[in-house]
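Work the whole structure out from these sequences, hints included.
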Amino acid sequence: MTSTSTHPESSQLGKPLLPISYFRSAQMTKDVFAAYSSGITQAVECPHCGGNIASKRPHGFDHYTLGVVGRLHETNDPLGSEQEASIRQEIKRMDAAVRSCDSEISLLRARIQGIMSERKRLLHTRPNYDFVLHPIRRMPRELLLEIFHLCVQNEVETLLDMSPNDGRLFPGTLDTRRAPWTLAQVCRTWRSLALKDKKLWRNFVVTWGGSEMTRYQTSPNPLASLLSLQMLRCRRAGMHVTYLGDSHEAKDVLLQSLCAMGHNWSTASIRGDAAGLRQFNNYRGRFTNLENLDLHFNVDFDWGDDPNTLFTPFSEAPELRKLSLSGDLDAIRANADQFPWKQIEHFTHKVSADYLAFQSGRFLLIPKMKNLRICELDCVPPDGIASPRQNLHLEALHTLTLRKIPGSIESGPEQYLQWFRLPALVVLHFPSGFGCPSTLKAFLDRSECELQELTLIEHELDEREIEDLLRERRLQKLRTLNLGGYLTMFRQYMSEGVFSALTIIPNGIEGGNIVLPRLQRFTLHGYNRKQLSAALVDMIESRWSNPDIAQLPPGMRVDRLEHVELWNPFPDGSPRLQNYDPKAEALLRELCRQGLVVVCVE
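Its first residue numbered 0, the sequence shown is counted upward by one per residue in numbering that gives the first Met the number 0.
Just so you know, the hints here were simulated from the structure itself, not pulled from any lab data. All values derive from a computational prediction rather than experimental measurement. Keep in mind that a hint or two might mislead.
To be verified - In the EDC-like style, the derived pairs of lysine to aspartate or glutamate whose C-alpha atoms are separated by at most 20 Å in a straight line are:
hint: 1; residue 1: Lys-349; residue 2: Asp-160
hint: 2; residue 1: Lys-198; residue 2: Asp-174
hint: 3; residue 1: Lys-341; residue 2: Glu-315
hint: 4; residue 1: Lys-440; residue 2: Glu-459
hint: 5; residue 1: Lys-349; residue 2: Asp-327
hint: 6; residue 1: Lys-341; residue 2: Glu-318
hint: 7; residue 1: Lys-321; residue 2: Glu-375
hint: 8; residue 1: Lys-476; residue 2: Asp-444
hint: 9; residue 1: Lys-195; residue 2: Glu-145
hint: 10; residue 1: Lys-476; residue 2: Asp-558
hint: 11; residue 1: Lys-440; residue 2: Glu-471
hint: 12; residue 1: Lys-369; residue 2: Asp-336
hint: 13; residue 1: Lys-197; residue 2: Glu-154
hint: 14; residue 1: Lys-367; residue 2: Glu-290
hint: 15; residue 1: Lys-440; residue 2: Asp-461
hint: 16; residue 1: Lys-195; residue 2: Glu-141
This is the structure we're talking about:
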């Protein structure tokens with residue numbers, strides 16, 4: 000603390016420099032009071048900020064009066080007239096000083112209020128400056144456009160997951176509060192980008208139920224103008240149309256507008272009753288560029304006398320290659336020849352629990368698809384279908400997926416394998432259950448095919464059955480293997496014995512005892528970090544860095560494992576196996592550094 004004085008008596012207050020602790024003591028208060036009482040211009044500086052702790056006020060204290068007051072506080076003596084006058088005069092002076100302090104305090108409060116207002120204004124304005132520096136302004140337009148497409152895809156998926164009677168579904172993609180409409184309302188740049196990309200506007204979802212159309216029974220339909228605008232922005236891009244066919248006239252206006260652009264349709268998903276779907280009969284020959292068709296028939300579908308009328312609108316679709324059917328298939332007749340079955344290369348049949356009893360018609364259709372290459376079937380119980388009269392011999396089919404229906408214990412792919420003969424098959428998927436390896440072996444021998452990709456998820460095979468199956472002669476050209484499961488009852492079968500069977504033993508290649516020598520990609524479903532065992536990593540290492548692989552004779556071939564995926568979608572709290580090996584994880588990381596691709600999916 001430094002002190003300066005202009006008063007003659009200031010020398011009486013002279014003191015040496017004091018430590019910082021002095022400022023926290025009661026003595027500092029006494030010194031400040033003494034400075035005020037003496038009227039001295041005393042500057043006491045804060046050692047941190049340099050501000051004045053005490054300074055001379057506008058009015059100092061009278062020393063004589065102060066001394067008299069001090070003595071009278073110790074006695075009951077009466078005041079003399081001169082003393083009383085002096086004290087009263089001093090009181091007036093102190094009152095004036097208080098008023099001066101109040102005035103100064105008011106000024107300071109006003110100043111503080113002004114500073115607070117300025118601070119609030121700055122805090123309110125600052126985000127505007129942060130906004131213009133946002134990285135999205137520097138984002139490449141290609142990446143921004145990709146984000147736009149993801150927004151539209153999310154909107155479409157949300158709509159398709161809703162029931163037709165869900166009020167939130169209306170009016171489908173003709174809702175300006177949804178993407179892509181909202182993307183064109185943000186700013187000039189976004190609007191320009193959204194309007195230039197015609198593929199952003201090619202999704203048309205018109206799938207709400209009739210109850211939502213009561214307020215649109217007037218003509219013209221107010222949604223028709225939005226539909227026309229979207230089709231204009233689509234500009235001949237391949238339209239993806241999802242339509243609920245029913246008999247409500249208010250939606251006919253939209254159907255007429257959509258079908259008028261039928262030559263621009265590339266994908267169509269149509270579901271509904273007979274009356275609604277027959278509306279398409281008026282537009283036969285319009286769908287010349289249609290590539291993908293998805294039809295769902297309601298369970299109360301009334302086909303009438305001529306079931307072929309359903310396929311009439313699409314009988315002249317030269318580009319149609321992909322067909323998906325679901326719902327009530329019982330009424331499909333074997334003479335539905337108007338549909339271009341020979342063009343179909345990818346067929347999907349989807350079944351829900353509500354339609355198990357209405358699936359006898361599908362095996363009347365598959366033999367008509369002579370050029371079928373990819374087939375995906377939901378497997379229904381034996382009493383829910385009519386088995387084909389002879390084996391389904393499909394020369395061109397190379398990919399087959401047989402799904403077990405969730406919640407159905409009886410349904411399974413085993414009976415389906417008994418009906419197929421597929422000599423060109425190279426990819427076989429069982430994504431939701433399989434339990435009869437002998438049926439699979441018989442199917443492979445009957446088809447005389449050699450698989451290159453096999454998927455066994457939620458399988459019911461024990462360790463020995465898996466090992467025997469993987470040694471099957473017609474699987475030795477397998478390049479991709481997907482194993483595992485997400486339920487506890489299936490996880491127990493993915494034990495170390497399976498990994499050991501796939502391990503290439505050092506110096507043992509010449510014996511020719513290698514299981515799946517062409518394996519290049521391996522995926523383990525239902526994996527979690529605590530299941531990482533030495534057997535699994537040893538198998539991966541043996542197929543990645545075994546030196547014997549590079550020293551094989553010319554007539555022998557063992558491919559190197561190049562890609563590994565470990566899936567772990569278990570929710571929190573699910574059972575975890577405890578055979579986690581830290582050394583195995585360290586080895587796996589080392590293999591990754593060497594170039595092996597390992598993808599861990601949570």
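Hint check results:
Between Lys-349 and Asp-160 the alpha-carbon distance is near 15 Å, which keeps this suggested pair within the 20 Å criterion. A distance of roughly 18 Å separates the Cα atoms of Lys-198 and Asp-174; the hinted pair therefore holds under the 20 Å criterion. Among the hinted pairs, Lys-341 with Glu-315 is consistent with the structure: their alpha-carbon atoms are about 12 Å apart, no more than 20 Å. Of the pairs offered as hints, the one joining Lys-440 and Glu-459 holds, with about 16 Å between alpha carbons and a cut-off of 20 Å not exceeded.
Using a Cα cut-off of 20 Å, the hinted pair Lys-349 and Asp-327 holds, with the two alpha carbons roughly 11 Å apart. The straight-line distance between the Cα atoms of Lys-341 and Glu-318 is roughly 12 Å, inside the 20 Å bound, and the hint therefore holds. As the CA atoms of Lys-321 and Glu-375 are separated by approximately 11 Å, the hinted pair is consistent with the 20 Å bound. In summary, the hint linking Lys-476 to Asp-444 is supported, as the alpha carbons are separated by about 15 Å, within the 20 Å threshold.
Using a Cα cut-off of 20 Å, the hinted pair Lys-195 and Glu-145 holds, with the two alpha carbons roughly 13 Å apart. Between Lys-476 and Asp-558 the CA atoms are separated by roughly 10 Å; this keeps the pair inside 20 Å, and the hint holds. For the hint linking Lys-440 to Glu-471, the alpha-carbon distance of about 8 Å falls within 20 Å, and the restraint holds. At most 20 Å may separate the alpha-carbon atoms for a hinted pair to count; Lys-369 and Asp-336 meet this at roughly 13 Å.
Using a Cα cut-off of 20 Å, the hinted pair Lys-197 and Glu-154 holds, with the two alpha carbons roughly 17 Å apart. In summary, the hint linking Lys-367 to Glu-290 is supported, as the alpha carbons are separated by about 18 Å, within the 20 Å threshold. Restraint check for Lys-440 and Asp-461: satisfied, since their Cα atoms lie roughly 16 Å apart, inside the 20 Å limit. For the hint pairing Lys-195 with Glu-141, the CA-to-CA distance comes to about 12 Å; that is within 20 Å, so the pair holds.
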